[in-house]
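Novice: Spelled out, the chains give:
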Amino acid sequence: MKTRRVVSVLALSVLLIASMSLVAFGEYNESPVLQELVKSGQLPPVAERLPKEPAVIEPIDEIGQYGGTWERAWTGPSDRSGLDRLTSSTIIECTLDGQDVQPSLAKGWDICDEAKVFTYYLREGLRWSDGAPFTADDIMFWYYDVALNDQLSPGRLGWAAVQGEQGTLEKIDDYTVRFVFAHPNPIFPQRLAWGNEQYMPKHYLKQFHMDYGDAAQIEEMARLAGFDNWQNAFHAKADWLVNLELPSMRPWIPVTSATESRHRMVRNPYFWKVDPEGNQLPYIDEVVHTLAESAEVINLMGLAGDLDMQVRHMSLVNYPSFMANRERGGYRVVTWRPALAADPGITLNLTHRDEGLREIINNVMFRRALSVAIDREEINELMFYGLGVPRAATVPSSSPHFVPEFEQMYAQFDRDQANAWLDEAGLAKRDSEGFRLRPDGKRLEITIDTISYVGPWIEVGELVAEYWNEVGVRTQLRVLERSLFFARVNANEIDASAWSIDWSLHLLVTPRRYVPQSPNGSRFAPAIGTWLATGGTSGEPPWGDLEKVLDLYEEAIVTADAIKRESLVREILRINAENVWTIGTVGETPSTLGIGIVKDYFKNVPNDAVSEGILSTPANTQPAQYYMIP
Amino acid sequence: MLRFIIERLLTMIPILIVISIISFAIIQLPPGDYLTTYIIQLEASGDSVSQSEIEGLKQRYGLGQPMHVQYFKWISGVVVGDFGYSFEWNQPVNTLIWERLGLTLVVSISSLLLTWIVAFPIGVYSAVRQHSPGDYIATFVGFLGLSIPNFMLALILMYGGYRLFGMSIGGLFSPEFVDASWSWAKFVNMLSHLWIPMVVVGTAGTAGMIRIMRNNLLDELGKQYVVTARAKGLSTVKLIFKYPLRLALIPFVSTVGWLLPQLISGSAVVSVVLNLPTAGPLLLRALLGQDMYLAGSFTFLLATLTVIGTFISDLLLAAVDPRITYD
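The listed protein sequences correspond, in order, to chains A and B.
So for the first sequence, my numbering puts the first residue at 1; every next one is plus one.
So for the second sequence, my numbering puts the first residue at 1; every next one is plus one.
It is possible that part of the hints are untrue.
[What the hints assert, rightly or not] Computed list of chain A residues with no C-beta within reach of chain B, every gap over 10 Å:
| # | residue |
| --- | --- |
| 1 | D100 |
| 2 | D130 |
| 3 | E327 |
| 4 | E424 |
| 5 | R478 |
| 6 | K564 |
| 7 | D608 |
[Unchecked claim] Computed list of chain B residues with no C-beta within reach of chain A, every gap over 12 Å:
| # | residue |
| --- | --- |
| 8 | M67 |
| 9 | V307 |
| 10 | L316 |
[Said to hold, decoys possible] Simulated restraints on C-beta separations:
| # | chain 1 | residue 1 | chain 2 | residue 2 | range |
| --- | --- | --- | --- | --- | --- |
| 11 | A | E327 | B | V69 | 53 to 63 Å |
| 12 | B | F151 | A | T534 | 40 to 50 Å |
| 13 | B | R163 | A | T534 | 48 to 58 Å |
| 14 | A | Q217 | B | S254 | 52 to 62 Å |
| 15 | B | D82 | A | L484 | 28 to 38 Å |
It is worth saying that the hints were derived from the structure and are not from the lab.
Beta carbons: idealized from backbone N, C-alpha and C, even for Gly.
Input sequences plus hints: build the corresponding full structure.
Specialist: Structural data, given as structure tokens:
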């Protein structure tokens, strides 16, 4: 037994050494398109374009083939985050399952001094898409000359600060940078892996920057290009979708303007990832986004088989049609797992203005009763084709903080129990129509506000209202126009709301659903969110358990010790689960970024992936290793 | 006559100024601004933006400034032909509108021609042969065309086109022609797609026009001068085309004013359904997204076209209708 293990370890190391030596010898392959350019002398050989140690990406299924044009669709520049995510290239990146981070532009890192000092080692020989070297200077330029430049970025860079103190960045050498914080910042790696831009091509952009170029000339350039000031001109020059000249580190770079009806991106000849056989990625030559006038049109295009692979905008409502049309359209349907705790979750306003209603809502028995009054199985069957998980609103099972015990807490449908708890909560008296009365004699009435959006919030909201009416709590669903909805939330004028409980994968990075941090993000206590967002000028100060989770959160984000930190997070989740601040319905549903259409000839797309904003999905599935069978 | 024209032109100036103020104010009326809608859009697709980024964007776009400052900034550009910058598209408004105007005019004008070519003969026929089977059929089809919402018709035709002829969904070209430069093949390909929007946009207009033509003509046909002309032995065709038809045309001429803005924004909903890269969807999205310079410039442009169209129809009426005097 023992010897066998030793042998397998040996075999593994031999394999590793073999693959490393291959990399060291520089026997790389490249796309035939690029080979042509090398032959004609327009491009240096592939070994010179790749860094000394390229990032090696394990393909999902198999080694791919070069070529092809990947047909996709988008709704125009306001939909740009689809392209940002698809081509996301960060210093470190998220793993496929979203639990951790892995090397990317940086080949490794050290975290020391109680998570105050983060040193990142960049790959030597990385190059921008124009062939210029990528070094620590490009990160320094982004951090100090752009992100922290008062004129260019009036807001502060929140994610690189702890307790209001901005981190400093040092260049150790050309390939080493070091972030230093005054306090421990253990969640910094997760934030770094999520960030949009963390470097900028200094060699190109400095000509447009006031601190580097000639002031008069830069102002003149901005004016000629039709901008009010040099800052706006700089932002346009630094935007990879607007400025086609901008050097990039992304796998594909745009060659057409974003307003074209077919937006084309072609492969970056200097892309720095390879597969285990030394084939330079991406496999696919071109990515084309057809401009669609609405998301519905994109769904139709998918149905007709006009799209090669797309998850973005594919709607769960069309799931049956997608399934029925598979053969005709020549595609398969993948269902990824968005890290949605509830779709939607119902939040009651704990900071309600009406004292009578506020007292009732703040009674935990009332919230638990309403939670067990919901038939989640039925919602799952009716609205989600059984694809979701009936659950409470705790973090989804894909989260590293998931505690199975909280998932079903007060989530078992039991109408008798609900009635008993409501009676116990002092709501036993009913009026002639059978609706429960408040202790002050008025009928207990609750309005759930929601808006019309991608997920089936209205339908689920109506079902929930029906369940609550069944147990005598008069409930109405009101569908508001979205800006009106937000205005009402900000003014603390809602009883309850139905909204998806997303952003729940990494609680400490995006705490808003479990910690009352912002009025719109944490709708269970909007007035406290307002208090925190406005620095105490309006709203109301935190109290009770709401204050406790805020304190726990503040403590957790500066706790370097992983075990201690995890216990703090679990405490936040326990308080949330027991208090039922957010009433869960059905979660982990493929409503947003969950349903994908993949042509039969389109390979290396995982059948199962965690889908989340902070993972920049599909970036965590490595689109550069997708390939198309010609 | 000249004085009439000059007076008309002068009154247009204050009207346009008022319109520019109103169209800019209307865009600002809904709560929130471009940034709030942008943030919600991001949230809907599972993205987010930090508070500091929002502040930065607000400053960049000048959204914190009071409304009159924003208005003067915009209108002083408009005077010299600079309509400002679209937040959503990150492009000058001018380029955006011009880029889409060509195809918009192709769709609008072709469906307008279709409307006229079909509606005039049928309308005349229905009136002349009133209560004949042909009239009943035309009336029936006409009412059908009036009552079916045109987005519905668009969906049905699009489905039919895909199921029966294997046409690509939406758009004016097959994917292989979108990027191609203009050629005979591309033109033919466009025609094979163009018939759907032509039929869809044209149907309601055709139906309406048949009814108007028929009624106007019927009013005239019963009049004494027609009876007199007939009694004098004038041939029916010559009679109808020379006198009653000319009079029946007057209401058409007076609606030319509404036709111009219609050319640009008339097919908005159909274009969204059919995924046509025309100006209509651009306007709709600018309004929904509160992309204020784009939306404001668009409404201003449409209003200006209405004013110009009314001016043209006034001139035409004056020319066509001898009863109009210049006092």
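Novice: Hints first: check each against the structure and report whether it holds.
Specialist: A quick look at each hint next to the structure:
Chain B leaves D100 (chain A) outside its interface by the beta-carbon criterion, the shortest separation being 20 Å against a cut-off of 10 Å. Non-interface call for D130 (chain A) relative to chain B: holds, since the shortest CB-CB distance, roughly 22 Å, exceeds 10 Å. Distance check for E327 (chain A) against chain B: the nearest CB is about 15 Å away, which clears 10 Å, and the non-interface claim stands. Every C-beta of chain B lies more than 10 Å from that of E424 (chain A), the closest at about 38 Å, which supports listing it as non-interface.
With a cut of 10 Å on Cβ distances, R478 (chain A) stays outside the contact zone with chain B, its closest approach being about 17 Å. The beta carbon of K564 (chain A) sits about 27 Å from the closest Cβ of chain B, which is more than 10 Å, so the claim that it is off the interface holds. The non-interface label for D608 (chain A) is consistent with chain B: the shortest C-beta to C-beta separation is roughly 18 Å, beyond 10 Å. No Cβ of chain A comes within 12 Å of the Cβ of M67 (chain B); the nearest lies about 17 Å off, and the non-interface call holds.
The beta carbon of V307 (chain B) is kept farther than 12 Å from every beta carbon of chain A, the shortest such distance being approximately 28 Å. Separation of L316 (chain B) from chain A is adequate, the least Cβ-Cβ distance of about 35 Å exceeding the 12 Å criterion. Our hint of 53 to 63 Å for E327 (chain A) and V69 (chain B) holds, since their Cβ atoms are close to 60 Å apart. In this structure the supplied range 40 to 50 Å holds for F151 (chain B) paired with T534 (chain A), their Cβ-Cβ distance being about 44 Å.
The hinted range of 48 to 58 Å is satisfied by R163 (chain B) and T534 (chain A), whose Cβ atoms lie roughly 57 Å apart. At about 57 Å, the CB distance of Q217 (chain A) to S254 (chain B) agrees with the hint of 52 to 62 Å. Checking the proposed 28 to 38 Å range against D82 (chain B) and L484 (chain A) shows it holds: the Cβ atoms sit about 34 Å from each other.
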